[in-house]
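Chains as they are written, first to last, in UniProt numbering: chain A, 1 to 465; chain B, 1 to 465.
Errors might be hidden in some of the hints.
The list makes no distinction among identical chains, and a pair is therefore deemed to hold if it is satisfied within one copy or across any two copies.
[To be verified] Each computed BS3-like pair below joins lysine-lysine, with the alpha-carbon atoms no more than 30 Å apart: (1) K430 x K142; (2) K142 x K427; (3) K276 x K142; (4) K276 x K428; (5) K276 x K427; (6) K260 x K142; (7) K430 x K276; (8) K463 x K430; (9) K207 x K160; (10) K142 x K428.
The hints are simulated quantities; they were obtained by calculation from the structure and are not laboratory data.
Each chain, letter by letter, is given below.
There are 2 protein chains.
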Amino acid sequence: MSETQSDELPQLATQDEERPWLTMARLAEEGDSDALVAYVESLSTADQALALSRLDTEQMPQVFETLHPDEAAELLSHLSEAQAAQTIGLLDPSSAAAIIHELPSDEQADVLGDLDEDQANAILDALPATEAAAVRELTAYKDDVAGGLMVSELLRFNEKLTVGQMIEQLAGDLERDREMDVRYGYVCDDQNRLVGVLPMQNLLFVKRASRIADIMIRNPLSVRDTTPLEDLVEFFETHAFLGVPVVNSDGGLMGIVQRKAVDYEAFRAAESDYLKSQGIVGGEELRTMPLLLRSRRRLSWLSINIVLNLGAASVIALFQDTLQSVIALAVFLPIISDMSGCSGNQAVAISMRELSLGLVRPSEFLRVWWQEVSLGLVNGTVLGLLVAICAIVFDGNPYLGLVVGLALMLNTLIAVSIGGTIPLLLKKLKVDPAVASGPLLTTVTDMCGFFLVLSLATLMLSKLV
Amino acid sequence: MSETQSDELPQLATQDEERPWLTMARLAEEGDSDALVAYVESLSTADQALALSRLDTEQMPQVFETLHPDEAAELLSHLSEAQAAQTIGLLDPSSAAAIIHELPSDEQADVLGDLDEDQANAILDALPATEAAAVRELTAYKDDVAGGLMVSELLRFNEKLTVGQMIEQLAGDLERDREMDVRYGYVCDDQNRLVGVLPMQNLLFVKRASRIADIMIRNPLSVRDTTPLEDLVEFFETHAFLGVPVVNSDGGLMGIVQRKAVDYEAFRAAESDYLKSQGIVGGEELRTMPLLLRSRRRLSWLSINIVLNLGAASVIALFQDTLQSVIALAVFLPIISDMSGCSGNQAVAISMRELSLGLVRPSEFLRVWWQEVSLGLVNGTVLGLLVAICAIVFDGNPYLGLVVGLALMLNTLIAVSIGGTIPLLLKKLKVDPAVASGPLLTTVTDMCGFFLVLSLATLMLSKLV
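The whole structure should be built from the sequences, with the hints applied where relevant.
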């Protein structure tokens with residue numbers, strides 16, 4: 001549909017279809033709540049996100065105040081975390097709190113965690129005290145551990161209750177929270193430790209006087225609040241459950257991690273590896289964010305790179321005399337640098353993939369190194385020959401071909417060796433390999449590449465000039 | 001656990017725990033099927049994948065022949081597609097066919113699609129003819145459309161049946177395929193067109209003489225076999241279904257796409273964007289694949305890059321005289337090239353992300369360009385100043401600082417403009433932006449960067465020497 005925008009007809013209907021934010025803003029301005037809800041629901045989630053991203057700072061509060069808080073929360077939960085936080089940040093704290101109140105607890109924590117501290121605190125102050133305390137507890141966890149992925153809404157019963165008492169409590173619980181998952185009840189002792197789990201449909205077949213402790217499944221599987229994402233992925237691969245209870249160090253029941261939260265976070269992690277590999281490391285960026293925030297986040301990465309680059313370039317500075325004598329070398333330095341970077345990045349990508357699949361362990365340097373070096377010999381020879389031929393065609397001097405070809409061959413070996421092993425090393429050192437592999441690789445391969453070309457040329461200087 | 005491998009004790013138990021493939025091979029050699037099954041089940045899915053990747057070409061068939069085909073299929077379904085295909089490829093066609101027979105139809109197609117044609121045909125010939133025909137039909141679809149993601153196992157009933165006849169047919173269907181999802185039945189007319197869907201639990205409450213057509217839900221939602229992944233993601237975001245029926249152009253019922261298949265494929269797509277951005281474009285690579293296959297796939301990407309690099313380097317060749325007069329410029333050329341590449345890649349990453357979230361449409365070049373250029377002005381100025389200061393400290397000549405600083409500033413503007421808009425352009429041209437953005441960006445920014453530095457230097461040559 002978007003492909004037709006350039007030759008669109010000057011009719012309002014077409015324009016509105018192409019620019020859903022115009023309709024959204026108009027309905028909000030007219031205060032037509034029902035029409036706005038119906039319109040929002042008619043949009044695809046992508047168009048909802050698009051439309052919200054294009055509303056200005058006056059239209060956004062108008063739209064959200066025209067919607068009921070639960071409808072606003074529904075809309076918000078379709079957005080990416082960064083956009084949801086940005087949207088909430090434009091509302092006044094009390095409207096924001098009313099909407100946050102309607103979100104499931106894991107999304108509450110995610111959105112507030114992405115706001116700056118003053119905004120988050122203002123909203124927390126406008127929430128009921130117990131809810132605010134619960135959210136604060138959740139925001140303390142990182143997004144990729146069980147504590148950060150869990151929802152705290154769950155059916156919790158004391159083991160001493162009878163089925164009759166339990167059903168009574170259930171009615172109250174459901175009135176408080178209609179969105180709660182009611183397929184399982186979780187049974188705790190007086191110290192709030194998880195002791196059992198109860199498929200709720202079983203209640204239909206037992207006497208009301210039975211004690212929960214007698215009909216529950218004992219010793220249920222659970223995970224710790226600190227269990228990392230990769231272990232949760234593993235858990236749900238092994239067990240066909242839709243959720244798993246989360247306990248703290250004392251065995252106290254804290255919440256439930258749902259399968260869909262783990263699936264979504266695994267998807268986000270893969271996406272985030274891509275962003276980090278391309279230099280988006282200071283935090284998620286949307287182009288609707290303030291210019292200086294975007295600029296600062298990108299510069300945090302670029303400024304480290306410029307230092308690393310200067311280090312690599314200083315190798316060239318050491319060999320200025322050689323370079324001046326054989327200026328053709330300057331043409332080939334960027335080729336050696338870039339091609340080695342490409343070969344090394346391929347090895348990085350394969351190591352990242354094999355690490356994530358469990359096909360290689362972080363301690364198996366030698367194995368990976370050998371697999372890469374044998375491949376590097378083949379590819380280095382092919383690339384070295386190609387660039388050597390180019391150099392000879394360009395300059396007519398076979399020794400120039402020898403220098404740049406040999407340098408590229410050796411540097412390809414270095415690049416794949418480093419590229420293959422550096423993600424393993426970083427993983428062992430608990431540094432995120434998606435962030436740090438690229439710049440470290442580029443710096444080392446640049447230094448080695450420049451050194452190889454220029455020192456080989458210095459050795460053969462008499463043949464080159 | 002893996003961290004302890006280097007200082008592991010020389011005890012068999014420890015060794016076996018660290019190297020599960022040894023135990024696996026031993027149990028297979030002993031032919032102890034029960035112990036092997038129990039051992040495989042005791043391993044995490046990551047360790048299963050690891051162990052299988054380390055078995056040699058003799059051990060692998062031994063392990064798979066010791067397992068029953070349905071256990072082997074279970075094990076295989078935990079592996080990545082590439083590894084599953086590699087594993088199946090080591091077995092003789094008849095054992096392979098027996099295992100493939102036990103897989104759900106979407107996984108059958110995925111695994112066979114990853115084998116080379118001869119192997120796939122040999123296995124298909126060993127399958128029952130109707131099953132082989134069905135698999136051939138599925139392998140014709142790409143992995144990321146509904147036809148490639150669907151399973152063809154489903155409960156299919158003619159609308160003219162009564163509930164009693166339907167329950168009779170059901171018993172036969174379930175005997176044939178125990179793994180089938182039985183929560184919904186799909187109702188077709190005589191031309192096999194989907195006309196209704198039936199929640200199976202409803203059967204409990206109706207008379208056996210009722211006609212299906214009277215109790216089914218009419219006009220059910222469905223998707224086309226050609227529906228792309230992104231629309232399926234959207235569908236499952238909007239509808240809380242666990243699956244959706246797939247129809248062909250005539251409305252004929254072909255299969256079911258399950259929510260979990262769509263979630264998994266979305267995860268794979270994100271992961272694949274990362275791999276492609278790092279230059280893994282010729283197909284998935286595992287280091288256990290044959291050396292020459294790995295080498296050829298990586299070279300397919302590298303050889304395009306070397307041509308692009310030569311193009312960029314030829315700009316330097318045009319300015320050899322300037323470079324020879326001011327050799328210090330050669331130190332800064334790789335810095336300008338690399339820093340511009342970094343800035344451009346950040347813009348590429350943000351555009352890829354905004355495209356996937358729907359926050360920007362492929363036709364909105366001008367909008368993105370403006371957002372990037374305004375940021376580029378800030379970052380370009382900061383980076384230009386930094387590199388100018390470095391040049392002045394290094395060389396003592398303020399004009400050298402002016403040349404490289406101005407060149408980096410201007411080239412940062414060019415890099416973010418191209419980086420931001422090129423994914424939109426490629427998307428519009430239906431070229432995969434994850435594959436092509438990087439090399440195109442690097443080539444253009446290198447050419448422009450080299451040209452800017454060297455032409456500015458040529459203009460100011462009298463001040464620089």
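Original post:
Among the hints numbered above, which are violated by the structure, and what are their numbers in rising order?
Top reply: 8
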